[in-house]
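Residue strings, one per chain:
Protein chains: 4
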Amino acid sequence: MTPKKNALAAVALGLLAYTNTQAQDTPKPPKMVPEMTEFWEPAVRVITPGATSTEAPSDAIILFDGKDLSQWKAKADGGAAKWQVKDKVFTVGKGDISTKKEFGDFQLHVEWSAPDEVKGESQGRGNSGIFLQDRYEVQVLDNYNNRTYSNGQAGSVYKQHRPLVNAMRKPTEWNTYDIVYTAPRFKEDGSLFTPARVTVLHNGVLVQNNVELKGPTEYIGLPEYKAHGKAPISLQDHGNPVQYRNIWIREL
Amino acid sequence: MTPKKNALAAVALGLLAYTNTQAQDTPKPPKMVPEMTEFWEPAVRVITPGATSTEAPSDAIILFDGKDLSQWKAKADGGAAKWQVKDKVFTVGKGDISTKKEFGDFQLHVEWSAPDEVKGESQGRGNSGIFLQDRYEVQVLDNYNNRTYSNGQAGSVYKQHRPLVNAMRKPTEWNTYDIVYTAPRFKEDGSLFTPARVTVLHNGVLVQNNVELKGPTEYIGLPEYKAHGKAPISLQDHGNPVQYRNIWIREL
Amino acid sequence: MTPKKNALAAVALGLLAYTNTQAQDTPKPPKMVPEMTEFWEPAVRVITPGATSTEAPSDAIILFDGKDLSQWKAKADGGAAKWQVKDKVFTVGKGDISTKKEFGDFQLHVEWSAPDEVKGESQGRGNSGIFLQDRYEVQVLDNYNNRTYSNGQAGSVYKQHRPLVNAMRKPTEWNTYDIVYTAPRFKEDGSLFTPARVTVLHNGVLVQNNVELKGPTEYIGLPEYKAHGKAPISLQDHGNPVQYRNIWIREL
Amino acid sequence: MTPKKNALAAVALGLLAYTNTQAQDTPKPPKMVPEMTEFWEPAVRVITPGATSTEAPSDAIILFDGKDLSQWKAKADGGAAKWQVKDKVFTVGKGDISTKKEFGDFQLHVEWSAPDEVKGESQGRGNSGIFLQDRYEVQVLDNYNNRTYSNGQAGSVYKQHRPLVNAMRKPTEWNTYDIVYTAPRFKEDGSLFTPARVTVLHNGVLVQNNVELKGPTEYIGLPEYKAHGKAPISLQDHGNPVQYRNIWIREL
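Protein chains in written order, with our numbering: chain A, 1 to 252; chain B, 1 to 252; chain C, 1 to 252; chain D, 1 to 252.
What the hints contain is simulated information worked out from the structure, not anything from laboratory work. No false leads were mixed into what you were given.
Below, computed lysine-lysine pairings styled on DSSO-like, alpha-carbon distance capped at 30 Å:
#	chain 1	residue 1	chain 2	residue 2
1	B	Lys31	A	Lys187
2	B	Lys187	D	Lys214
3	D	Lys226	A	Lys214
4	B	Lys214	D	Lys230
5	A	Lys230	A	Lys214
6	D	Lys214	B	Lys214
7	C	Lys230	C	Lys214
8	D	Lys31	C	Lys214
9	D	Lys214	D	Lys230
10	B	Lys88	B	Lys101
11	C	Lys226	A	Lys226
12	C	Lys28	B	Lys31
13	D	Lys67	D	Lys82
14	C	Lys73	A	Lys187
15	B	Lys28	A	Lys187
16	C	Lys187	A	Lys187
17	B	Lys187	B	Lys100
18	B	Lys214	A	Lys31
19	D	Lys31	C	Lys226
20	D	Lys100	D	Lys75
21	D	Lys31	B	Lys226
22	D	Lys101	D	Lys226
23	A	Lys67	A	Lys86
24	A	Lys170	A	Lys82
25	C	Lys28	A	Lys214
26	A	Lys31	D	Lys31
27	C	Lys187	A	Lys73
28	A	Lys230	C	Lys226
These numbers come from a predicted model, not from an experiment.
Given only the sequences and the hints, what does the whole structure look like? Please build it.
Structure, rendered in structure tokens:
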């Protein structure tokens with residue numbers, strides 16, 4: 001028999017069994033055939049992954065390709081982003097910068113390196129930050145042999161969720177963040193419907209597992225959501241020459 | 001003033017403001033100081049990440065180091081795992097294999113390559129699978145230029161969740177899976193409390209984002225949870241010489 | 001001292017303690033004052049509850065007040081709802097009916113009574129249904145001494161979730177459903193963001209606890225979400241003279 | 001034909017259709033039959049609901065039946081609960097009281113009345129509280145024409161979630177709370193796995209919809225979970241003669 005006839009026969013037997021069990025027992029669902037749980041449509045979109053897990057796949061928007069900051073602007077006034085670019089790397093300069101494009105849900109890849117010269121301690125050493133939708137900070141900090149408060153160290157959602165582990169590489173080495181971000185949703189009246197969520201891999205190691213954000217990052221006091229739509233990625237100037245390279249994002 | 005005295009002054013001003021607003025308005029919470037949301041304990045455990053995002057971090061259990069299958073057993077009878085190991089790679093042989101150790105929640109890294117010789121189509125080409133807790137299959141399949149049902153292709157939770165995109169590399173190239181798995185929890189009476197959840201990155205690209213599993217993988221019919229505890233990782237023999245290497249796991 | 005001065009003193013002591021612990025230990029967050037977690041705004045809207053828990057509160061929309069079906073229409077053609085109203089009760093007649101108004105998230109109170117004359121068995125006895133957003137059915141069925149499939153009995157989300165218990169009253173007595181419904185949300189591309197959720201109390205007894213709906217109710221086959229907006233409440237004509245009274249809804 | 005033969009014919013047609021579509025299109029899943037999604041086992045447990053939605057159903061544990069406090073103990077020392085019982089009502093007296101029995105997940109019905117004599121304002125008027133698992137407070141307060149901070153009023157999860165509306169009845173009238181509580185779960189290492197959740201109906205009106213609790217109720221400072229198992233229901237002595245009656249609970 002062809003597979004289809006086999007399937008038909010199987011269903012026929014299942015229905016017979018179904019009929020026969022009814023006298024004394026409760027009915028059992030007739031047996032399904034495998035094809036009943038096989039869904040060909042919609043088809044899955046094909047992309048080309050990067051040559052390594054850190055390289056941008058074909059459907060990514062390249063936010064920094066090593067050449068210039070043309071995808072970025074100064075956060076304060078919307079003017080040109082003036083941080084220095086050199087040797088495929090850019091270094092934190094004066095004032096926060098933001099992407100020109102705005103994003104909702106996304107996967108974001110960022111590589112960063114603590115300043116080569118180790119200076120300061122706790123929050124004073126190699127401090128910067130990645131603000132998802134311009135509001136929710138994944139902390140960037142040199143936590144290599146540098147203790148700070150647990151919910152403020154590298155890989156933390158700043159002042160909200162400490163990282164599961166400290167997976168820092170040392171200065172002069174590059175760190176990777178792979179971030180999966182789900183934007184918050186709001187009701188028509190502006191109240192929160194679902195909080196933002198974030199998963200973070202730091203150097204390939206899970207440090208945040210789809211945690212719920214409590215609201216926009218606050219240095220002082222308790223976070224509180226306010227309704228918003230799509231918004232840029234911002235990078236923080238905290239006065240330390242943190243370095244960035246190879247930044248790409250995929251809209252989800 | 002020292003930072004602490006500054007903080008004290010800030011609180012004093014906040015409390016005065018609080019008092020003064022009460023006549024006409026509702027009270028406003030007094031301003032907090034930054035240290036009130038800084039938690040140093042418990043400290044975050046320090047680990048050493050791999051030299052690249054695919055290499056095992058220091059807290060991983062190495063499930064395959066390129067030498068032998070000593071961490072594995074035959075699933076059917078618990079005897080030795082007899083799949084062939086050669087050149088730091090092992091190839092699917094007769095019968096499924098399972099880890100000797102059992103796991104709950106975890107992060108799992110697996111590298112796999114479709115058979116070098118392209119043969120068969122749809123589910124018949126380069127088919128294997130990774131069974132999380134021996135029950136929940138993340139599909140392994142050669143989907144490079146090979147269409148099959150969407151919820152059965154590489155990166156799918158087999159017959160439950162199709163991948164967000166098809167991020168396959170071609171035969172003779174290696175694919176990576178980075179899997180974050182949260183085990184289901186059950187109530188005392190054996191009923192489901194929370195379903196299993198899984199996040200999958202395929203070659204660094206998100207293909208499953210903390211999706212809820214519907215129950216154990218079923219080839220025929222609808223999945224249904226049954227209470228269970230820790231369980232091994234199993235690899236499926238589907239008759240195709242799929243290759244594996246560099247497998248490590250971190251308990252969460 | 002006044003309470004405010006007390007609070008200030010408490011903070012001062014907390015900050016001193018904070019300073020003093022730093023030599024050997026990690027810092028401890030300074031103690032907060034109670035007012036820091038007391039939020040007066042926004043004020044909570046005041047409503048007047050019903051005289052009993054089954055009577056409509058002041059902010060409810062009355063969908064049936066005992067007089068007529070002016071809030072309803074025929075589902076098939078949008079014409080007048082023609083089910084018979086008598087003695088503050090209406091009885092299922094020809095064709096499903098739907099509310100004229102459409103709803104998103106809501107709390108719904110419905111009272112229903114199985115036909116006075118007990119006839120038929122399993123799904124053939126006293127069958128009707130309440131379709132939330134015109135798609136998701138909370139089953140209405142005379143399950144008093146009447147066995148049917150568990151996921152199709154009164155209080156079930158039809159063919160998706162069986163009720164936690166069977167809390168039926170017998171024919172000639174009235175049943176209450178108190179339903180809290182959260183509408184599904186969809187992404188811009190029409191795919192599901194969050195599934196619908198429902199809590200049901202049947203005669204004051206919990207039978208569904210914020211369960212996730214799998215998609216629109218299907219008599220045959222597997223449910224699948226399709227994006228939609230606000231939609232009416234519909235009542236099913238399954239050919240049995242089920243009676244309804246006292247229906248109200250509160251938008252959430 | 002009998003229904004079963006009809007079903008069989010339907011499947012046969014479905015499989016034929018499946019075969020025929022394969023030439024040009026992707027396969028479509030063959031049509032299922034209704035019985036494939038009808039599950040008779042396990043059977044749903046039958047209970048008898050109360051005569052009204054406020055009366056205890058047959059599977060409830062009666063925590064106060066109008067006669068005595070034999071189900072309760074003094075929280076401080078485990079001795080007899082000494083609050084006064086009179087006319088089927090008990091009134092808050094010296095010291096908190098707790099149930100002798102401990103609970104995990106549950107549905108709880110409580111009726112309470114603000115002191116007949118209206119005295120004090122804000123938190124000083126008719127203050128008591130219901131501590132779920134001895135830790136998580138649903139606020140009891142006379143909020144009839146009495147403003148206080150929103151996250152501290154009747155129907156709030158004290159200092160965590162303000163009620164959706166203020167559904168208070170006035171002093172000398174009785175309020176009902178219908179509470180559905182899901183206990184938190186913890187990981188083996190004591191860290192939080194899932195937070196506690198609570199739904200509250202106040203006089204039949206939804207005031208909390210399965211909200212996540214942030215941790216044990218704290219008067220001062222931020223809540224923080226600590227692992228625990230089953231625990232009693234406790235009622236708070238806040239110095240005001242709040243009255244209680246008709247308390248029952250169903251374990252979930």
